[in-house]
Structure formats: structure tokens, C-alpha cells
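**Student:** For reference, the chains in residue letters:
Protein chains: 2
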Amino acid sequence: MQSYPAVTDFLRSGLFRWAGDANSFVGDSYIELVCSPNNPDGAIRDAVLSSGAGKAVHDLAYYWPQYTPITRRADHDIMLFTVSKSTGHAGTRIGWALVKDREVARRMTKFVELNTIGVSKDSQLRAAKVLSAVSDGYDGGASRHRLFDFGRRKMVERWRMLREAAAASGAFSLPEETSGRCNFANETAANNPAFAWLRCDREDVEDCAGFLRGHKILTRSGNQFGADPRYVRVSMLDRDDAYDIFISRLASLK
Amino acid sequence: MQSYPAVTDFLRSGLFRWAGDANSFVGDSYIELVCSPNNPDGAIRDAVLSSGAGKAVHDLAYYWPQYTPITRRADHDIMLFTVSKSTGHAGTRIGWALVKDREVARRMTKFVELNTIGVSKDSQLRAAKVLSAVSDGYDGGASRHRLFDFGRRKMVERWRMLREAAAASGAFSLPEETSGRCNFANETAANNPAFAWLRCDREDVEDCAGFLRGHKILTRSGNQFGADPRYVRVSMLDRDDAYDIFISRLASLK
Numbered sequence: 019m020q021s022y023p024a025v026t027d028f029l030r031s032g033l034f035r036w037a038g039d040a041n042s043f044v045g046d047s048y049i050e051l052v053c054s055p056n057n058p059d060g061a062i063r064d065a066v067l068s069s070g071a072g073k074a075v076h077d078l079a080y081y082w083p084q085y086t087p088i089t090r091r092a093d094h095d096i097m098l099f100t101v102s103k104s105t106g107h108a109g110t111r112i113g114w115a116l117v118k119d120r121e122v123a124r125r126m127t128k129f130v131e132l133n134t135i136g137v138s139k140d141s142q143l144r145a146a147k148v149l150s151a152v153s154d155g156y157d158g159g160a161s162r163h164r165l166f167d168f169g170r171r172k173m174v175e176r177w178r179m180l181r182e183a184a185a186a187s188g189a190f191s192l193p194e195e196t197s198g199r200c201n202f203a204n205e206t207a208a209n210n211p212a213f214a215w216l217r218c219d220r221e222d223v224e225d226c227a228g229f230l231r232g233h234k235i236l237t238r239s240g241n242q243f244g245a246d247p248r249y250v251r252v253s254m255l256d257r258d259d260a261y262d263i264f265i266s267r268l269a270s271l272k
Numbered sequence: 019m020q021s022y023p024a025v026t027d028f029l030r031s032g033l034f035r036w037a038g039d040a041n042s043f044v045g046d047s048y049i050e051l052v053c054s055p056n057n058p059d060g061a062i063r064d065a066v067l068s069s070g071a072g073k074a075v076h077d078l079a080y081y082w083p084q085y086t087p088i089t090r091r092a093d094h095d096i097m098l099f100t101v102s103k104s105t106g107h108a109g110t111r112i113g114w115a116l117v118k119d120r121e122v123a124r125r126m127t128k129f130v131e132l133n134t135i136g137v138s139k140d141s142q143l144r145a146a147k148v149l150s151a152v153s154d155g156y157d158g159g160a161s162r163h164r165l166f167d168f169g170r171r172k173m174v175e176r177w178r179m180l181r182e183a184a185a186a187s188g189a190f191s192l193p194e195e196t197s198g199r200c201n202f203a204n205e206t207a208a209n210n211p212a213f214a215w216l217r218c219d220r221e222d223v224e225d226c227a228g229f230l231r232g233h234k235i236l237t238r239s240g241n242q243f244g245a246d247p248r249y250v251r252v253s254m255l256d257r258d259d260a261y262d263i264f265i266s267r268l269a270s271l272k
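Residue numbers (our numbering), protein chains in the order written: chain A, 19 to 272; chain B, 19 to 272.
To be clear, the hints were calculated from the coordinates, so they are not data collected in a lab. All the pointers check out, no bait thrown in.
Identical copies carry no separate label here, and so any pair may be met within one copy or between two of them.
Restricting the straight-line Cα-Cα distance to at most 30 Å, the calculated cross-link-like pairs of lysine-lysine (DSSO-like) are:
1) K139 / K234
2) K128 / K234
3) K73 / K128
4) K147 / K128
5) K139 / K128
Looking at chain A on its own, in the form it has when it is part of the complex (with noise of 0.2 Å):
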């Protein structure tokens, strides 16, 4: 994700710097960030790089059933998850991390202490109703509160709006949809990114986020991910009312 270099360079740590693409280190010793799913283009990664001294972290915020087919049991030495991603609550600063190793665990709980003087109190509270709230929709609650049933429909739709309207616009195109058995909703299941990976394919289109910008479409340029400037990031998981504007907007170019 684009924020990791920013921070350690802003910080400019003792202890780590970034180091650029795992694709294209060379070394022993090192912390090797898989985000998977990954941020912006929603597909599954593994790490790339294994050495007895490096560590891998992998972020799964994004690996939920609304989003991707949970297809195995994630059994990573650190896992990273959140419930911004998870259920929408972003503004509680909450994640929760799964670790092997007690000393790496120590170590990232003291960091949390020494970064924000622990998590807030409010912001566990909040996030324990959550999360229960979730959690009880599945041990023989309504199936209307089924959270991860409600958010895969949601995303399944709005995936569907967005082909059909790069399609009618026949400016634009979209990673090929990719599929796999989900061990959550016991079905094959689509992969639904929180994000589209969205090319503009006009000759004459060369800054893709400037040209939608120029039709009130706000996205993220590919530059921004170290890609190609005709690429785009586009936000999945806006509301409804703003979700059905962008969609017809886009539908509308040429």
C-alpha cells in the first residue's frame, strides 16, 4: 500500500527504511508487507521473499467473505485485520492482530501503547458491540442481520453496475473476474474488491484520474501506486446515492 514508504521515510526510523518492491530486493534481513487481498487491485498475494532472518506481515484487512472467497485458513506468523475494512467502522482505529512469535506480539502491543497510549476505551467498547452484533447474526439470529451475507450481495450488485456501465461506455475495462470455492458461504464465490482497478482506454487519455475528475468522477491515479497513469483506483464502498451517480456518470463517457 502507498502509505508504507511514506511513513517510514517521514519518521526517518534507526531501524527500518523502505525498501522498495519485494519483487526486486535483494537480502536476508527485511519485513516483507503482503497485502492480501491486495490495495488497489483486490488480488490475492503471497509472500514473495523467504529467508530465516526476514519476516513476513500479512495484511488481510480486505479478507472477508463481502469482498473475496475465503478459500483456506489463514495461518500466517502475523496477520493484520480491522474492522474498518470488516464492517465498516473505520473511525474506531481498531485492528486486531494474530502473532506466533511472543516476543513480535510484545514488541507491536508496546508499540500501540507508546503510539496512541493504548487503544481508546470507547473505541474497544464500540467495536466489541460490533463485532457480537456480527457474531450473533450467524449463531441463529435473523438472516437479515447476517453481515457478511448483506455485504456480499451488496458488492456482488455493485460489481454487476460497474461492468455493465464500462461495457455501455466502451471507454474503459476492468480486471477479469476471478472466482474460487468459499469455505464461509460454502459456494463458489466471486472475487467483489472493495476497490476496481478501472483502465481508461481512449488514445487520447493518458491521465485517466485527470480525465474522470473532468466528468466530477474523483478517483485515485495509478501513479499513485507506482502503475500506470491510465489506470485509476476506484472506491467501492461509497453510499448508495454517491455509488449510483459515479455509475452513471461513467456509463454516460465515451
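For this one, chain A is given, so just place chain B on it according to the hints.
**Tutor:** Only chain B this time, still in chain A's reference frame:
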């Protein structure tokens, strides 16, 4: 405050390192942190260094009428505030700063953006609601809704109880009460710090925090603040029921 060296040391920033007590600092380039009223002892502090290349950051977290007379309009270059101590909403993790230099303000904003991806929108809405309720109380609202008047009455009462309990025990002493002309309340008002800096006067007690812990009173030892362990810091801001138990336990100690 004791958290400053921990944070700089933990990050091992290439930009800053903790240089210890400003009173013994030699050099021209520095950031001096001035906590006023001071934590733990509630004393009003001024910057002790002065250099064109140095900067002072005034932490005014406790500069509110319930804790201290507002004797002068604060007019420092960089001033930090927080709803944590002004209204008690620490869980929002919201503070604000008044900063004269535009470039310094820009860098502070950038740091907040990188460190916490901006400030939680939930928290901003809650803090705005809380601060308008406080402000409305002083803008023609009912006097029972005047937060700082309520807060000062509460703190005056708690300090009275604490001084009586310390006197009853005969084993503890407290800083002498100071007062000043408060321009907010428009009267002379006592200093009622959010923490009590309590000294155990018993000859046989060298570790006041340990002694109190043995009597089921939890405090922070003076040595956590670089001071004599005969001192402890006591929070004056716990709930009424917990505060009442603390007072009765303290009064019973000889």
C-alpha cells in the same frame, strides 16, 4: 511528561533524540516541551531555554479553569490542547493546536495524516458535539450546564477531602495550595491539579508507591517521573465512588 523519552527512543528517529531535562541542556538547536500546568505536580511552567534556532512546544492540556486559575491569555508559538483533560473525552483521541508558523502547522498536519490516516471522522463529530454543548452552557444556557464551574466545584471539594485525609493520617504531605486571579471565573481561585503529588513522611517508608499498594491504593511512583520514590502521583479524576474509597483508605493510614 514521562512518555516523551519513551517515544523518541522507541522509534530511534533519525530526526530527533531525547536530550533530557531542559534545565541541564546545552546547545542551540532543540525542541523544548513545556507542560504547563505540569504533570505530575500541577505547577505553572515557563520555557527555560531561548535560542533563535530552538523551538518551544507548550502542552496546555491542563490549562483549564477547573484545574488552575486562567491568569493570562496563552500566546505561545506552538500550543497543544486536548478534549481529554478539558471535558474528559480521552477516548475520542482528539486534540488541537494553535500554531503561529504556517510551515510548522503544515508539518504537524502531515504527521497526523501519516500517523493515524487523519483524525477519525466519528471522533471529530463527537468532539464537535461535546465542545458545542460546553460552549452553549456559557451562551445563555442553564448554569447547571456550565462545565468548568461544575469541574471547579468538584476539584475544590476533592482537594479539600484529600488535604483533610492527609492531615488526619499524619503520614503524608502535599504541595502547598497556590492561587491566582482567574480571568475566566473573574475571581481569585486555587490551583486544583488533576494529579496530587503526594509525599510519604514516614521514616520507615522509602517506596511510597509500594507502601500504598500494600494498602490497596494504586499510584505512580515518583521515580517514574525522575523524582524521589517517597513521592507518588495520584489521579484526582477517578469516579466519585473510587475517589471516596481512596480517601477513606488514605485517612486510615498512620
